[in-house]
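Construct the entire structure; sequences and hints are all you get.
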Amino acid sequence: MTLSTTTFNANRRAIIVGGAAVAVAPALLGVARAQSSTIKIGFPVPLTGAFSAEAQDQVRAAEIAIKEFNESGGFNGMKAELLVRDDKLNPGEAATRTLELIEKDKVNFVVGSLSAATQLSINAVCRDRKIIFNSISQSDAINEAKDWSLYTFHEALNPHLTAGAVARYAFPKFGKKIVYLTADYAYGHEMVRGFQRAGQALGAQTLADIRHPLGAADYSAFLPRIQSLKPDVLVLCNFGRDLVNAAKQVTDFGLKANTKVIAPVLLYTARQAGGADAFEGILGGTSYYWGMEDKIPAAKAFNDKFRKAYGGSVPSDYGALGYAGVRSVLQAVRDAKSVDSVKVSIALRQLRYNWYKGEQFYRKCDHQSIQSVVIVESKSKNMKDKYDVFNVLSVEAPDEKNLRSCEEMGHKIST
Amino acid sequence: MTFELFLLQLMTGIALGAVYALLAIGLSLIFGMLTVVNFAHGAFFMVGAFFGVYAMGLTGSFWFSLVLVPIATGALGLVCERFLVRPLYGRGIDYPLLLTFGLSYVLIEAMRIIFGIEGLPTSTPAELKGSVNLGFGYFPLYRLFLIAATAVIVLGLWLFIEKTRYGLIIRAGSRDPEIVKVLGIDISKVWLLVFGIGTAIAGLSGLLAAPTRAVNPEMGIPILAESFVVTVVGGMGSLPGAVIAGLLVGIVFAMTSLFAPEYAEMSIFVLMAVVLLIRPQGFFGKAGLMS
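As they're listed, the protein sequences go chains A and B.
With our numbering, letter number 213 in the first sequence gets 213, and the count goes up by one each step, no holes.
With our numbering, letter number 155 in the second sequence gets 155, and the count goes up by one each step, no holes.
Just so you know, the hints here were simulated from the structure itself, not pulled from any lab data.
Calculated cross-link-like contacts (lysine-lysine; reagent style DSBU-like; alpha-carbon spacing at most 35 Å):
1) A:260 / A:401
2) B:129 / A:386
3) B:129 / A:379
Remember, it's a predicted structure, so these values are computed and weren't measured experimentally.
Right, here's the structure in full:
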């Protein structure tokens, strides 16, 4: 019995080795092929599922960056192409799609993702194959030393920074007794940690952290308990449709009368889907709001490009990240005069850019994009048109001090 | 924890259970009569929400939608029964099950094409906004309305089935379709009507649920699973079973949320497992319906 198992294992090993050789052969050939006429950027995003509205906008804005690059001459006669794939908001699916993009479609770079979990699985696949991945979704873990590589870039804000900015703005103004209603997955947990860390310095006190499953449709069962705790601030640490549903039900239960409701991330798309009533008075952080165009010329230029391409509509926050994520990579290709992963990575590390929201750059040790955080409040009155949904309350200027230090992220060398 | 909080939580559970009960009634009605396990029920719920909210956007009247939606989803159900489900009668329980499963995907995709994948924004009708003091705490007016509307629909359906001639034929048809046929009644018309009523109620519950949650093409998927739990707990094919189990599931969910929120989602499946172990046919189910 034991003997036969051993033989079987030996055979199996031979098959695996052989199979691996076959699998590698086309990959090697593929390198030569990739040098050809197009720069391919793989773009895995959750086109179906709870964050589909945001993902759709990411694609639309990314297409603008591609078009812009091609119309301004491309690079060395090469045009860029965006290969959009649906990762269905599932880490397994995201890994499979990314693997396909790299092995079958021979993409040069990967930009995309919209979930704390899927971006980690995309990152793992890209890291092993030495393909640059610029993540456009919030995560604290992605650029910690254990997940990070020379090929990992993070265009989006991270929970630590966003939650911190919102806490620094809201806790001193509205009170120190805090209840969290948290989606029970990486994003929610990271956001709560971000608030609690910033809150500690401000003397905030957590009354309860109530966890709900990702994608829950009904939150009413949690609300009487929250009401009885009488918090000063209720923080909704969930995202997309979850946030819409939660905001709606919180409004129905009249919690807003005595409690300030805030969200770490208040998205343009979520506000549009939820309507003015549900979000009235809710305050939150975001990476971008189109209304910043009065003060920031780059925002005006980006909005105008988007309006022209999409019949007058304005870009959302996550959409803008899709644009910036792709544009940075393409700019780095021009700077590096190459599509080679290492050379482009070095060019990205040098890059100082102002694509849409003011000056930004990637921190050397972890490739986190250092950028501003916008604090917005949802409007329900005096709206000029259907795009006019937020008031910009404050903009926290880009500052490395608000991030965790390189040492804290586990990076030994800070350059 | 105070007694007030307990009562408030109980009300929350009843409001949740009301939606489950409405959906389960339709499922149970269709199963009890047609032995069709309607996997498209969640999709009809979703279609009802879309129709209703879209019409509300045009007319500005919630009440108009309340009349329109059951008619529209009922008509859709009639068409589906006549042309899709009917050819499969007599072929075993899995044929219509697979058909309706596929139909649910067609309906979801259709709504994505027509209304987009983001869904429609909804708000509570102006007349039903705000909350009421129940003596032990404030409760949203709309959720009270939801409970009342469910009671009215259940009562109406009960009167229809128990007290009218048509109801008599329906009841007879579910007991013994052969004899009903022998008596000269066209049983296929009865089945058509039952399927239509079931889908009309599903659509109506979609509209009623719409102001409390987001309307999007996938909204019917999780609630279908929960409604099947209700139907199984109450007993496949039993209307009182659907109502009682619906409320019970809502209350179990709400109470678990209060004491152990992490287990709330799981609690209703535990309830189902326990009921199945003790009483496999559910509270009011007849044994052997599935065989």
